Every structure is written in structure tokens, then in C-alpha cells.
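Peer 1: If you want the building blocks of each chain, they are given just below.
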Amino acid sequence: MKYKDYYQTLGVERNASADDIKKAYRKLAHKYHPDVSKEPNAKDKFQEVGEAYETLKNPEKRAAYDQLGSGYQSGQDFRPPPGWETQFAHGGGGQQSFEDVDLADLFAGLVGRGAHAGKFPIPGQDFEVTAQITLEQATRGTELDINLSVSEYDETGVPRRVPRMFKARIAKGASEGQRLRLPGKGGKGVNGGRDGDLRLNIKLAPHPLFRPDGHELYVDLTLAPWEAVLGASVEVPILEGTVRLKVPAGTRAGQKLRLAGRGLPKPRGGAGDLYAIVQIVVPTHPSEHEKELYRKLAEETTFDPRSHFKEVVK
Amino acid sequence: MNIEIYQAEWFDEHQQFSLAELADLSGMPEADLRQLIEYAAIVPVDPDKVEAMFGAECLVTARKAQRLRSDFDLDASSLVLALSLLERISELEKRLQALGAQFPKIHR
Chain A
0 MKYKDYYQTL GVERNASADD IKKAYRKLAH KYHPDVSKEP NAKDKFQEVG EAYETLKNPE
60 KRAAYDQLGS GYQSGQDFRP PPGWETQFAH GGGGQQSFED VDLADLFAGL VGRGAHAGKF
120 PIPGQDFEVT AQITLEQATR GTELDINLSV SEYDETGVPR RVPRMFKARI AKGASEGQRL
180 RLPGKGGKGV NGGRDGDLRL NIKLAPHPLF RPDGHELYVD LTLAPWEAVL GASVEVPILE
240 GTVRLKVPAG TRAGQKLRLA GRGLPKPRGG AGDLYAIVQI VVPTHPSEHE KELYRKLAEE
300 TTFDPRSHFK EVVK
Chain B
0 MNIEIYQAEW FDEHQQFSLA ELADLSGMPE ADLRQLIEYA AIVPVDPDKV EAMFGAECLV
60 TARKAQRLRS DFDLDASSLV LALSLLERIS ELEKRLQALG AQFPKIHR
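One line per chain: the protein sequences are A and B, in this order.
If you're matching positions, the first sequence starts at 0 in numbering that gives the first Met the number 0 and goes up one per residue.
If you're matching positions, the second sequence starts at 0 in numbering that gives the first Met the number 0 and goes up one per residue.
Bound-form chain B, shown alone (with noise of 0.2 angstroms):
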């Protein structure tokens, strides 16, 4: 059976959407991205620009926001607060990691 192979992209910081691509692969409605951008959970590139564009980053803020709004129903504040902690959360563990990775294991 002939396989065939995909080269996968690297989906990371040099890539940037518009506010209607993020509403497309996200699932999140425009009107509802932008209230993410109000509370600041999503913040453009380049805050200034007419027509405003988002690092990947966002995309992955914005699908979890779509995840958790509709798994939970929650509401835009309640949505960027669990958003935010969910940050922080993922902040410390980053930490934790590099302080594991650095931290010598026992040898006898």
C-alpha cells in the first residue's frame, strides 16, 4: 500500500492572520473575538494598524477560548479571566520545567 507524506508546517510566531482568518480556523465569531481583544486576552501585532493582524499565538488563545466558552457556556469576562489563568498556569509549568531540566538528578 503506497503511504503518502506531508511535510508539516511549522505553525509558530512568524505567521499572522487577519481578525476574519482567526474567526474562520478558530470557530469564534468575529463579534466575539473582538471582545477578547477589549479585555486585552488577544492583543494585535501591531495595535495601531487599520486593519489589524494576530500572531499565531492568538489562534491558539482564540481556540481555546472557543473550546472553553462553549464546553462551559461561559461569558467574555469569565472566558478571559479562566483564559488568564490558564496563562499563568502554563507559565509556571514552563518554569518548573526549566528548573527540572537544570536540576542535577542523584548519582551514586
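Isolated chain A (complex conformation) (with noise of 0.2 angstroms):
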């Protein structure tokens, strides 16, 4: 079992009063908590000192959690003292192994021992987890590695780590914010309690070229000069391969030229559009001859691009 130092999570003595404790919780619970936190790692975080607080906050705990000495560090290997598990943890008695206990389990269980001793259901953990996934895979579907570490009790009451390694399939069409559900794949329940879910937040991996906003996609249309006031058919890439698109003549940057159907499919059939949104970019080392044909231009033209200056200006 490896030991967490609950005290120095929190930032508090180990001779802290209770409101010292709940003070300091509250105090990296506004920081740290995942509903209103952009802290980096904030989950992690939040889930530490919620575990230390959960222990700290409760005499019972506290003491137990006293009694397993004070000169080890954190991440440590260690072993509570002899008689330890008699006098807190599952009953039992008798010699237990600790290892593949988590200490947040172990003193989850020490106020659900009469809970899971007697015969209350106790429903499995949910897990929610990020899933980052690239707009390729959004649009195909595909399958994700998942990892858990879930709590089960073995058959003398001790909860212990298990790992639990499987696949998710999602179909195609998830969107940035999608909510997924895997029934049962949470931790295990209790006494007839149901299992916990595990439930995926698909979060989009930045695109080189596209951007999504729902199932809509955006992708920056550069043309040249020319080619905005000829008009000009255009190679546009879409997440699978290209397409041509025609530019009207006359087009002005900014103007968004809507390939429809062409975006992220949609879950239930159907997919959003893209949109090509048109900038006009100039050559940045135009030979000579360029120049002397710009200059031509320059000459020749009558069109104005800062009339509407005068039209406030007078």
C-alpha cells in the first residue's frame, strides 16, 4: 500500500483544528474543483485533496488515519502498524494483506463497514472520463483504449485496486462536448447495487486546418487577388480528401462559402456543413514584372477600397 500524506495535501499541521482542515479544504476545492476550475490537472488535483478532506473531516478516520504513523512519504510502501486492521479496519481480525489497497478505499470502507457488512446495496463508482479524439475519428467512428482502476471488496471485505482494460466503440458522428455512456463499466456495486457507468466526454484534438464548431467545420479559404475578382474553381480539402469548389467572381475576404453536408456526420444521419471562409492574400515577393503589372493596375483602376471613409468623413 502506498501512503498519501493527507496533511500535507491540505496544507495544514498534522495538529490542525477541524475548522483549519475544513478552511484549507475550501480554499483548494474553489481552486481545484472540476465544475469551476481551469486550473491544469485540475480533476487530479480536486480528487487528492477531496480524498485527504474526506479522511480529515472525520474523527473516526482522522484517528485511524493517526495511527498509521507519520515518518513515511508520500508514494512511500508501507504497512499499518500490528493490529492496525483490528482495531479499524474490516473486522476481520487475523493477519490481512494490503497490498493493491488504495488508501482512499481502505478509508472509504472503514465508515461503510457497517454498510457493507450488513446488507445495503451500495452502487458501483461512475467514471467520467476525457476522451480526445481527432475529427478523423469523429467522422469514421472509432475504438478507444480504456484503463480503469476500479475498487472491488474481496471475499474478506478489503477493497482492493483491480485494473480493468477494454475497448469503447463510438459510432461516428460525436461532436465536441458529446456525452457517452457505457452502462455497468463503472466500478462493481455492492449487495446487489448496481454497477457504476463510465461515461466519456469527447473532447476534439486541434485540426491543422479545421475547425469545429458542433458538427460544422471551418477551414480558411486563401485565394489570390485575382482569383477573388475573376472568380476561379478552387481545390478545398474536406476530412476526406478535396473537392472543387467555385468562387464567384467578386468575392470579398471574410465571405463564407458553404459546402453543404460536407462537416462532421451527425449521430443520427446527416452530417453539419463546412465552411470555407475566403481571405485574399497577396504575394509577399512579387518579381519585378509583378510589380510593373500592379502598378499598371494601380494606374487603370477606379475602384476605391476606402470610399466608405469618406462617406462618414467629410
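Be aware that a few hints might be false.
[To be verified] Computed cross-link-like contacts, BS3-like style, restricted to lysine-lysine with a CA-CA straight-line distance of at most 30 angstroms:
| # | chain 1 | residue 1 | chain 2 | residue 2 |
| --- | --- | --- | --- | --- |
| 1 | A | K26 | B | K63 |
| 2 | A | K187 | A | K42 |
| 3 | A | K60 | B | K63 |
Since the hints were made in silico from the structure, they are not lab data.
Only a predicted model underlies this, so the values are computations on that prediction, with no experimental measurement involved.
Take the two lone chains and join them into the complex the hints point to.
Peer 2: Printed below as a string of C-alpha cells:
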């Protein structure tokens, strides 16, 4: 079993009062709560903080934790002192193995002792995982490797960490923030309680060309000035290949050209649209001849790109 | 090693839950859920029906409410305030993402 220094996690002394522990928890909870925090690793940090507080806020659990000793470093392998399990843990007595036991599960079980020993159904733990997939995977569907470490009670009533590996098949049609569910694939229920669910929150990985908004996709379509003025037929990338797009003459920068049904597929059929956003780009190193042509154009044209200024500023 | 493959289900607006299912799946007692309904933080699909049914978004809200309540010891009105502010932030983030998607990058 690995030691965790719950006092250090909360940033309090070992002799901190219950009030100090609560204040320290509140401060860290505001900082790391996954529903409100944008800190990197907020979810993991909050889990550590919550686990520490769950144990230290309860006088019985805190006493049991303090009896484990204080001379360990976080992450260090250790065994509870002789007799500890008889005094605090799952009744049973006798010599118990603490291998594969997570400290959090052990302390969760301290209060759950009565419930576990009795026949109250306890639902299994729900897991929530953020799954990052590419736009291509969202388009075709994909399979994700899932590795969970779930808590299960052994025959002596000790909660043990059990690895669970499987694949989750995601049908095509996922979009940013989409939620999926694998019923019963979380932690095992106890005493007839339902098995927990695994919930997947989809996050789309950034793509070098396409930017998603729901099932719509946006791509920048760069045009040369003469293509925008005269119109053109240009090749535009889509998620699975390319298509030709007719750019009408007189196309302006910022205009959105719609390619219907070329966005991300939807779960129940159909697909979003792809929008090509026009940008006019100019050659950064024109040749002397090109410059000459532009000068001629400048001399001959009557086009005034800033005429709207004159309408306002007289 | 033989790895099993399971089909993930879409969790979307087509799913509906009874109040009891909402309580079971969110971990929030029915009495507390009723308070959220009273404050309109959770709204049944058809409020006039005798047995209220709730859309999948209500389950997301109920789970969030349960986490916030147990992690911050919030009472019902504080919880509803926190939920409504988080909802507004989420809407603004969505709009920001939509604008970001439509905003062209600089190409040279």
C-alpha cells in the first residue's frame, strides 16, 4: 500500500483543528473543483484534495489515519502497524494483506463497514473520463482503449484496486462536448447495488486545417486577388479528400462559402456543413514584372477600397 | 490477451428519466431534486404531466449539483445560483468557441 500524506495535501499541520482543515479544504476546492476550475490537472488535484478531506474531516477516520504513523513520504510503500486492521479496518481480524489496497478505498470502507457488512445495496463507482479524438475519428467512428483502476471488495471485505481494460467503440458522429455512456462499466456494485457507469466526455483534438463548431466545420480559403476578382475553381480540402469549389467573381475577404453536408457527420444521420472562409492573400515577394503589372492596374483602376471613409468623414 | 469491445451509447436529448431514476443516477436524494425543480434549475420535459420526466441534460445538471453540494456544503439557493452562473459561463464558452471557429487565422 502506498502512503499518502493527507495533511501535506491540504497544506495543514498534523495538529490542525477541524476548522483549519475545513478552511484549507474550502480554499483548495475553490481552486481545483473540476466544475469551476480551469487549472491544468484540476480534476486530479481536486481528487487528491477531496480524498484527504474525506478522511481528515471525520474524527474516527482521522484517528485511524494518525495511527498509521507519520514517518513516511507520499508514495512510499508501507504497512499499517500490527493490530491496526483489527482496531480500525474491516472487522475480520487476523493477518490481512494490504497489497493492491488504495488508502482512499480503505478509509472509505471504514465508515462503510456497517453498510458493507450489512446488506444495503451500494452502487458501484461511476467514472468520468475525457476522451480526446481527432476529427477524422469523429467522422469514421473509432475504438478507444480504456484503462481503469476500479475498487472491488475481496472475500474478506477489503477493498482492492483491480485494473480493468477494454475498448469503447464510438460510433461516427461525435462532436465537441458530446457525452457517451457505457452502462455498468464503472465500479462493481455491492450487495446487489447497480454497477457504476463509465461516462466519456468527447474532446476534439485541434486540427491543422479545420475548426469545428458543433457539427459545422470551418476552413480558411486563401485566394489570390485576381481569383477573388475574376472568380475561380479551386480545390478545397474536406475531412476525407478534396472537392472543387466554384468561387464566384467579386468574392470578398471574410465571405463564407458553404459546402453542404461536408462537415462532421451527425449521430442520427446527415452531416453538418463545411464553411470556407475567404481570405485574400498577396504575394510577399513579387517579381519586378509582377510589380509592374500591379502598378499598371493601380494607374488604370477607379476602385477605391476606402470609399466608406469618405461617406463618414466629410 | 483478449480485450473486450463495448459500444458506447449516445447520451443525448432523446433519453428521458423519471425522478427516481434521476435520483439513482445522480446520487442526489429526490427531496433535494424537488428543490432544484422548484427553483427551475431542473425543468421536466412536460411540467403538466403527473409523472414528470426529465431530459438527459437534467441528469448532467443533477450530477453537477450533487458534486457542488457535497464538495462545498451549499444550501439549495446557493446551489441554484452556482448552477445558473456555471450555465452562463458554459454558454459564453460555447459562443467563444463558435466565434473562434469562424475567425480566420492569419495566412501570409
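Peer 1: If a hint holds in the structure, say so; if it does not, say that too.
Peer 2: Tested hints:
no. : hint           : result
1   : A:K26 / B:K63  : 19 angstroms, holds
2   : A:K187 / A:K42 : 22 angstroms, holds
3   : A:K60 / B:K63  : 27 angstroms, holds
In terms of the numbered hints stated before, the structure departs from none.
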